[in-house]
Every structure is written in structure tokens, then in C-alpha cells.
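Heads up: take any position in the sequence shown, counting from 1, add 4, and you land on the numbering used here.
Read the hints as simulated data drawn from the structure, not as lab findings. There's no promise every hint is true.
[Claimed, not checked] Ranges between beta-carbon positions, derived for each pair: (1) Trp-387 x Pro-84: 47 to 57 Å; (2) Arg-181 x Val-38: 51 to 61 Å; (3) Gly-356 x Trp-387: 17 to 27 Å; (4) Ser-86 x Asp-127: 21 to 31 Å; (5) Tyr-22 x Arg-114: 47 to 57 Å; (6) Gln-9 x Ile-353: 48 to 58 Å; (7) Ser-375 x Gln-7: 36 to 46 Å; (8) Pro-82 x Pro-292: 49 to 59 Å; (9) Pro-292 x Asp-127: 21 to 31 Å; (10) Thr-378 x Phe-338: 30 to 40 Å.
[Said to hold, decoys possible] Straight-line Cα separation of at most 30 Å, DSSO-like style, residue types lysine-lysine; simulated pairs: (11) Lys-111 x Lys-54; (12) Lys-155 x Lys-345; (13) Lys-345 x Lys-111; (14) Lys-155 x Lys-42.
Just so it is clear, the structure is predicted and the values come from calculations on it, not from any experiment. Backbone N, C-alpha and C fix where the C-beta goes; we use that ideal spot for every residue, glycine too.
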Amino acid sequence: DSQGQVINGYTLGAVIGYGSTSIIRLATASSGGVVACKIVKTQNTLASKKSALRKEAAIWASLSHEHILPLFSSHFSPLPASGLSYAFFFTLYCPAGTLFDILQNAKSQRRQDDSAAGGLNQDDAGMLFRQVVRGLRYMHTVVGYVHRDIKLENVLVDEQGHCRISDFGMARRIGSRSGHADNSSSDESDNLDDEEDDLEREDAGIVALTRTASLTIPSSSQIIPPPHYHILNRHLSLRRSSHSLHKSNTLPSRSRRRTTTDVSSDSPSQGKVQPGSLPYAAPELLMPPSLSLPSSQSHSRRLLDGVNPAQDIWALGVLLYVLLTGRFPFSDAFEPRLQMKILNGAYDIPPGIGRAAENVLRGCLSRSIRSRWTVDQVDEAGWGVG
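Whole structure, please, built from the sequences with the hints as guidance.
In C-alpha cells, the structure reads:
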């Protein structure tokens with residue numbers, strides 16, 4: 005048990021949650037501030053995994069935005085005797101949990117009130133969605149990164165009610181090679197992007213900087229509640245656990261108008277589904293190599309060969325859809341069939357959401373990379389969602 009252990013000036017506390025490959029603990033800084041600590045354990049023999057964790061720390065430490073979860077400090081601790089290594093990421097403690105938690109608790113409350121279970125109130129959904137869009141706009145247009153794993157579980161809500169994008173293990177530079185790191189020891193090069201070589205050289209300095217970062221937690225008198233603060237209050241009163249994970253990719257559905265996303269000759273030809281949640285995967289990530297484009301279509305090929313922001317935009321559309329309806333636009337318990345539904349691109353338009361929200365969904369969930377909206381377009385149109 006690590007409780008009480010001091011790591012890099014932080015005293016580890018109780019376990020508050022679990023990720024797919026990590027443990028989340030509370031921690032107390034020397035100043036007395038309470039933070040969250042994500043702990044990832046890996047085997048010393050998996051050089052690619054350790055390298056990927058350091059690159060994640062370097063990328064994360066370079067980000068600074070009100071809708072990005074801040075990294076206060078990181079620490080890497082190899083234990084040769086045990087053959088294990090531990091990575092510690094100290095970050096902002098968000099007691100409200102994730103957007104998935106908030107949605108699930110809202111649905112539970114609605115069932116208790118004998119009303120139809122679905123998504124959030126549209127104004128609330130629109131407010132939360134716009135904050136995620138702003139954080140992603142910063143990543144795409146200011147620092148030039150694609151997140152590549154946008155989903156409800158990777159958006160935390162802080163004690164002020166502000167959305168914070170988290171989990172940057174899959175983030176890559178726009179246009180870099182689309183390979184990804186995994187935990188396989190068969191390929192020590194781990195297919196990381198060309199630009200990550202620069203990050204590796206910068207890594208020691210960036211991580212050292214985060215280790216000395218000061219922690220400032222605002223007092224209650226400094227906190228100005230946002231317009232959607234009532235969601236947070238309602239959620240905290242219902243909350244029974246600090247972290248939730250997806251149990252299923254299907255949620256209660258209602259009748260919908262059906263639409264098919266546009267198809268064009270420049271439809272993406274290749275790509276591989278990255279580790280993460282399949283219901284959020286853009287269709288270009290599911291296209292088999294056998295459908296590759298002819299080399300004459302050079303522009304379309306360039307869109308596919310490098311990491312493209314369009315995959316984040318598709319995931320944004322899925323996220324908005326779930327916030328509005330409480331279910332995924334594409335769902336099936338059988339994954340191959342789910343992939344085919346995503347590739348087919350047919351989904352139901354939620355009734356009564358208004359033309360502006362419909363346009364945002366269509367812009368995000370366009371099967372064509374070239375016609376899919378940019379994050380700037382989503383941000384500009386997002387005010388019409390709710």
C-alpha cells in the first residue's frame with residue numbers, strides 16, 4: 005500500500021479511482037493543497053511503454069489552458085529489484101469526476117423522478133460542450149496537437165464546474181505519422197511520431213520544470229460559479245463514487261429522425277483504430293488498407309497519412325450527441341457490427357434540438373475528412389447548441 009508515501013514532495017492518500025491502466029489517489033502537497041495523482045505501473049522490460057509515458061508527460065507539461073487539466077508535477081521511479089517502474093502524474097483534483105459521471109447521475113436522478121431517461125438539459129449540454137471545444141481549439145490551433153482520445157471519460161469537471169480535457173497519452177503533432185505507442189515489446193521503435201524525437205530531447209527539462217511547479221488552489225471567495233454550476237451541485241449530491249468507467253457502448257434510446265452522413269470520393273482509405281473507445285472512432289480509422297486511395301489523389305492521401313485533427317472533430321460530435329441524448333449515435337454490442345455502423349455513417353437526429361445543434365452534429369459527423377468541420381467552425385457555431 006502506497007498510502008502515506010512521499011513522492012516528489014507529495015504525500016499519497018487514499019485510492020479514489022481506477023483507470024484502464026492506472027490507479028488514481030488523492031495526494032497532499034507540502035503547501036497543504038489537495039491534488040490527484042495518477043499512478044501507472046509498467047514492467048522495466050517494456051522500453052516503449054516507459055518512453056511513451058515520458059512523452060505523455062512532456063506533451064502534457066507543455067499545455068496551459070483553462071479547459072486543459074494542468075500537470076503540476078511528474079515523477080518516474082524504476083524499481084530494478086521488482087522489475088517494475090512507476091510513473092506519477094500530479095494534477096488538479098476534480099471531485100465531480102468526468103462528464104460520463106455527470107451524465108450517468110443526471111440519468112439516475114431522472115429515473116427517480118419518473119421522467120424519461122436521456123441526456124442533459126440542452127442548455128447544460130451546450131455549455132459543457134463549448135468548453136471542451138475551446139480546450140480542443142487550443143490544442144489544434146495554438147500548440148498543434150491532436151488529442152486522439154476525446155471521450156466523456158477524458159473530460160473532468162473541476163470544483164468550479166469547468167471542463168478540463170485530460171489523458172494525453174495518445175496526443176500527437178498534427179501531420180505527424182499516424183503510428184502509436186503500445187505496450188508491445190516486439191517493436192522497440194513503437195511507431196512513435198517523428199516529432200516525438202524532439203520531445204524526447206526536451207523531456208528531461210520539461211519534466212524537471214513540472215516537478216517544481218507551484219500549486220495554487222483558489223479560495224472559495226475567489227471562485228465565480230459559471231452559469232451551469234447547478235449541474236455540478238446536483239451531481240455532487242448524487243455522486244457515490246469518484247470515478248466511473250464505461251460499462252457498455254449502448255444507452256437508452258428513443259425514436260429519432262435518421263440521417264446518413266455525406267460520402268465523397270475522398271473518403272479516407274486507411275488507418276488503424278487506436279487504443280481507446282471504439283464508439284468515438286472516426287470512420288477513417290476503421291477503413292481497411294485494401295480500400296487505399298490511388299496515389300493520384302495526393303491531397304486525400306496526405307490527409308490520411310498523417311495525424312489529422314478531423315478525428316478529434318468526429319469524437320466531438322459523438323460526445324455532443326451523447327450529452328444531448330444519453331446514448332451513442334452508433335452502438336452495437338458486437339464490435340465488428342459497430343465498426344460497420346460507423347463506416348456506414350447512418351445515425352438518428354435527436355428531435356427538437358433545433359437547426360443550429362443539428363448543423364453542428366452534421367458538421368462533426370461528416371464521413372468525409374475534407375467536408376468535416378474544423379474546430380474553429382465548431383467553436384463559432386457551438387453557441388447555437390444550447
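Going through the hints against the structure:
1. Trp-387 x Pro-84: 47 to 57 Å: holds, 55 Å
2. Arg-181 x Val-38: 51 to 61 Å: Since Arg-181 and Val-38 have Cβ atoms about 40 Å apart, the given range 51 to 61 Å is violated.
3. Gly-356 x Trp-387: 17 to 27 Å: holds, 18 Å
4. Ser-86 x Asp-127: 21 to 31 Å: violated, 51 Å
5. Tyr-22 x Arg-114: 47 to 57 Å: violated, 27 Å
6. Gln-9 x Ile-353: 48 to 58 Å: holds, 52 Å
7. Ser-375 x Gln-7: 36 to 46 Å: 52 Å Cβ-Cβ, so the 36 to 46 Å window is violated.
8. Pro-82 x Pro-292: 49 to 59 Å: violated, 40 Å
9. Pro-292 x Asp-127: 21 to 31 Å: violated, 41 Å
10. Thr-378 x Phe-338: 30 to 40 Å: holds, 33 Å
11. Lys-111 x Lys-54: violated, 39 Å
12. Lys-155 x Lys-345: holds, 19 Å
13. Lys-345 x Lys-111: holds, 25 Å
14. Lys-155 x Lys-42: Roughly 18 Å between the alpha carbons, so the hint for Lys-155 and Lys-42 holds.
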